[in-house]
Amino acid sequence: MKKIIKSLLCLTLCAVSVFGVACKKETEKPSNTEKPGYEDTGIVLAENGKTDYSVVIPAKASKYEEFAASELTMRFEEATGAELPVLYDSDESVAYSETAKLISISDTTVQKASGVTADYATYKTSGVRMVTKGSCVILTGGSEQGALYAVYDFLGVLFDYEYVCLDTYVLTHKEKVTLPKLDESNIPDFDYRVYSDYRQFENSGGSIYEAYRMRLNWHDDGWAIGGHAVDTLLPYTTYAEQLGHTDWYDTHGPLILENGQRWAQLCYTNEDMRKEFVARVKYYLNEYPEATLMGFGQSDYNSWCGCADCVALMDKYDHDGMVARGAITQTLFVNKVVEEIEAWLATEYPGRQVRYMVYAYHQTITAPAHKDASGNYIPNGAENGDYSMRLHDKVYVSYADIYANRNKSWRENPTVAENLRAWAACTKSVQIYEYGADAANAMLPYDGIHVFAENFRFAQELGFSDYFFEGAGSGVDSGFTALKYYVASRLMWDSTLDVNDVIAHYIQVSYGPAAEEMQEFYDVLRTRLSFLRETYGFGSMVLSSTINAAHWPRPVILSYYELFDKMYEEIEPLKYIDAEEYEKVFRKIKIEELFVDFVNLSCYLGYYTAEEKAQRIDEFEHWCTTYGATYMGSGKSFSDILDGWRASI
Amino acid sequence: MRKKSMKKAFVGMLAATLALGMHSSMLGAVAGASLDDDFSVPTFVDRTGYVGEKMEIARVMPTDEDAEHYSFIVLNEQNEEVETDGYSFLPQAAGKYKCLYSYVLDGKMREYAYTVVVEVKDGPVFKSAPVFPNAFVAGKKYVLPTLEAADYTSGKAVKADVSVAVTYAGAAVSVTNNTFVPTFNTQTDKAEIVYTATSNGKSTQISVSVPVVKVADAAGKLSMTELFARQGFSNVKATEDKLTFTANGNAEALLANKQAADGLDLEFGFGEYDQAESIVVTLQSYEDPSVALTVEFKKGKKSEGAGSVILNGKTTKAYTYAKGSALRLSYSDAKKQFLGVGNEFLFDVTTDAQGGEFTGFPGGLVKVGIAVKNTYGTCDLDLYKVNRQRLSSSDREQIAPTLYMEEFNTEYAVGDTITLPAAYALDVIDPNAELRVTVSRGNTTVKDVSGNEIEEVLVEPNKPISFKVEQSGNYRVSYDMLDTAAVDDNGDPIEESQSKPLRVYDHEAPVISVNGSVKTTVKAGDTITIPEVKVADNDGGNLTMLQVCMIRPTGYIDAIADNLSSSGTPNTDTVKSSTYTFTATGTYYLRLMATDQYGNYEKKEYVIKCEG
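So the protein sequences, as listed, match chains A and B.
At position 344 of the first sequence the residue is numbered 344 (this note's numbering), and the sequence of numbers has no breaks.
At position 287 of the second sequence the residue is numbered 287 (this note's numbering), and the sequence of numbers has no breaks.
Hint data in this document are derived by calculation from the structure and do not stem from the laboratory.
Heads up, a few of these hints could be off.
Pairs of lysine-lysine, PhoX-like flavour, derived with a Cα cap of 25 Å [claimed, not checked]:
hint, chain 1, residue 1, chain 2, residue 2
1, A, Lys112, A, Lys101
2, B, Lys54, A, Lys613
3, A, Lys566, B, Lys603
4, B, Lys301, B, Lys323
5, B, Lys463, B, Lys127
6, A, Lys408, B, Lys609
7, A, Lys613, A, Lys636
8, A, Lys50, A, Lys176
9, A, Lys566, B, Lys301
10, B, Lys54, B, Lys127
11, B, Lys237, B, Lys221
12, B, Lys301, B, Lys317
13, B, Lys447, B, Lys468
14, A, Lys101, A, Lys181
15, B, Lys523, A, Lys408
These numbers come from a predicted model, not from an experiment.
Sequences are here, hints too, so could you generate the full structure?
This is the structure:
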């Protein structure tokens, strides 16, 4: 026994030396991880734990630039044992030359002196520029954000570095590393990429840096007010109930929530309201002088103002009977507001760039556009030379089609595809707002992945540069949400990737010795989901998934359990070799098994004795609580669900 | 069931110890009494035997309840482990056999051993001895046990001829197909059963005497006073609520019919004349008479007051007696526990009457004897009930036969051949209580391995019932127990039914077959034909879900075809040929997946490269 453990230990140590904290099998599919070959300069970056290089960042480094430097030095040292000093470009010792041993991050004096440029028009916020000039390395981009990603690209070239998820990354250890000759640009398909996820929220134990490492925009970054901003700008309770401006709001009145909160749409033709609205926007832009984004998102209530003035405008700009006409008054209103705010900004904050967001959601989902005689979409009214339905260039539309059939990609869903094409005629910029999880049943698998690539590619074809995912914001979810998070982040950068390879890579790296069985589980689960989509329309709505035995027959559940048993069996030796790694992999496996437990307890409690029932429920509660997977879905209480099960004992 | 053997590694350690000659003094330990404080050894240990004759293994047990890893093995002269059934072994060669016991206490191994000397008998040897009830009931049919015998004088086992004869009061009794019906003269006359094994002109005999009782008169009227074979009782009388046996010295009443050990429940007591110090109840294994338990209710020479209850003559518990009150003794073989009146706990049983390890009654059946002991005058033994059956002057039964069956495995796999475990209908009064069995799956009667339906089939000793399960699902094994002689107070036959569920699962994955080939290289825009796909499963009659789908390079899964009805259940075993058009370049995966109703599945994948 001792001998076996020793030999396993040796194997593991070897694996660690090559792959850092990740476990990676030899059978890994290579297509997404293959790096292009680079000409070697022969210049030594590090050898035997020593380096002559220094990192340079701007004297007034931003949080991105500071973080980029810390990421580079930390991983570099981890891979080589060599410690890279970090210098500011204001330091007297910092001077560019082709023989200088400097790694410049972002817009430093070194970069400027090197002649390397990364213009915003080309690279935008996220684009990467990575160049070697002699022995000097320039890591930059269209912005400080791009420079951070340049650091990750550089680590990828040197050490196969890849950040996979919260506790897993790939890194090759090297005794000696030499500088490759680089002249690379890496520009993502979507410049603005958000996957809002609990891993990024500090109150859920996450970190903003998780978003940075996943090459995602942190969902709150740059915002003065985001989301359904009108409820914050002009709260109904203040302006209607306290100040009596009920005519500023939707004629249908507010939606009153259980907690007493009021959500109400605005009457976008009310001039007094508009004036106050502008004042409030100015207030928030003053409050958040660094903000580059300002939300005008409507209230989260599927209603719209029906006053005579609003209806008259909607009648005027309707064309062939729009399904929802709210976008008409919203567009007219927002354009006016933005013009006023932009004029104010030009005076108060010269040079300040702000983008404004409106939703296409509920009553504003339909684009105020139609096809002209030649089959091209034009804004409604444009046929008469009236371009009022064209949104101000500074405004982008966040397209949140909550009722769309998710079983088809946008491209294959004619209603959505045409609406998106129509929106492209109304605005310079559309952001797709997508849902990454089933809001009704957080424990059930909600595929999504099957349409990621198609949707990204379609959005890109339409010229959209933003993509936003509302992910598992309330905590850990089962159903491969972590995998989806990874796949989405990869595809938002490069939507041409082979999704199956990306998935296989994630599974190989994340599940260690159980990767093969987890891939099998993933395959059979997704095959099941495809069947459920065809037969029951399962997953077509982000709010409607139900749980029942027809969807998840007990034999299917038992076969899943069998696979999980094999996974636990596979990782068992890790327990004795690397307990920490075992815990990590065990956690990931257990989180995926929670879905199976959830279905089993919901549908098949009757198969167990009272004692077994109690034990299974207790175990489910234990693991959900331990791993923070207690969010069961919108309006579903974890304790109520447990109580319901326990009542059946 | 007694633990049979320790782990192999442990066996090896013991064998090695022996080979090195360690603890040699223990190997020669004299059986019959424990010479070692570490072990409790039965008072009698059979240390000699013949080749081919079943040898009982002494039920030696640790004396310390904290003993761990207790185990035993039997080794032949070559220090090879000899197969045992947990209770006995069958020596295949002459020589010395060592029965070795060990356990670990406080980290140290404790060992005990004794030697059995086995010789070749000069003549045939019976493999085992026959077992009989306490008494035969006159007029009832009895099947004589079949014995096997072999002659080992040639150095190998040569099967011997075995015959059996029965006499009663000196007169021959007809035996047909090993079955005979005893007659009755007096309680003192006995049936003599003689087995004779013959080989090479030499013969060996086993002779057993069994009393005969007459439970019913010529008209078939039941007399409960005759349910017991009596030894020493001068009189027995029946009243409305009991039988009273009278003796002036030590005496014993033996219940004629064997009973199930588990749940055995007796009510009895000292009668009006109570000049006996004790009543002793003996339960003896029907299958292995060497295993017995005794419980002595000792009131002493007083009629009432403080006394005791004694298990196996050793373990004593204080007990208070009241004159004329019924005593009760019930036994759980599952818990190995005796309870008294009002389910008062009396004893946990760990050793038998000989001081050997007790792990339950082998075979689960017992013979029951109730005796009076240390009499000092006239003594009445009152018997009230056996297993809820009131013993009285009534000629009617109240309790139907009960089902006794050996351990019953309730879960099987498709393709298994199931042999129903030995089962009996046991009755206090009727030794021939009839047992019939029906096996069904839903509304369908299952056929046995010979193709005959198992419907109300008579269960008989030595005639096992077997059937093969070709289809998964819930089966039911239903037993009907019928009292063949007596009727209840209404004159109706006394019968009882009991059924056991039996689940048959499928553990094998279905098998997918593809009727044709799949192109593995295509161009965007190409349409390929996906061949017909069939699924076969070992679970006869249950259709298996079959899905055909294509995974695009984008991750989208096109569900191409399946064999499912609108309700989502499979309705055929075939998915017909279909087509698929490739719209973009990349790697596609054609996935065929079959899942049976137990979640067993087979997944086949074809990798298809779509080029530009």
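Taking only the CA atoms, is the gap from Lys54(B) to Lys127(B) under or equal to 25 Å?
Distance of about 6 Å is within 25 Å: holds.
Please verify whether Lys613(A) and Lys636(A) have alpha carbons no more than 25 Å apart.
Holds, because 21 Å separates the two Cα atoms, which is no more than 25 Å.
Is the hinted pair Lys112(A) and Lys101(A) satisfied, with a Cα-Cα distance of at most 25 Å?
holds (16 Å)
Hint consistency between Lys408(A) and Lys609(B) [alpha-carbon to alpha-carbon, up to 25 Å]:
The hint holds at about 23 Å.
Restraint check for Lys237(B) with Lys221(B), where alpha carbons must lie at most 25 Å apart:
Cα-Cα ~16 Å, so holds.
Does Lys50(A) pair with Lys176(A) here, judged by a C-alpha cut-off of 25 Å?
holds (9 Å)
Can the restraint linking Lys463(B) and Lys127(B) be considered satisfied, given a maximum Cα separation of 25 Å?
holds (20 Å)
Taking only the CA atoms, is the gap from Lys101(A) to Lys181(A) under or equal to 25 Å?
holds (14 Å)
Please work out if Lys447(B) and Lys468(B) have their alpha carbons no farther apart than 25 Å.
Cα-Cα ~8 Å, so holds.
Quick one, are Lys301(B) and Lys323(B) close enough, alpha carbons at most 25 Å?
holds (12 Å)
25 Å limit on alpha-carbon distance, applied to hinted pair Lys54(B) and Lys613(A)
Violated. Lys54(B) to Lys613(A) sits at ~47 Å, over the 25 Å cutoff.
Holds or violated: are the alpha carbons of Lys566(A) and Lys301(B) at most 25 Å from each other?
Since the Cα atoms of Lys566(A) and Lys301(B) sit roughly 69 Å apart, the hinted pair is violated (cutoff 25 Å).
Of the hints listed earlier, those the structure fails to meet are numbers 2, 9, in rising order.
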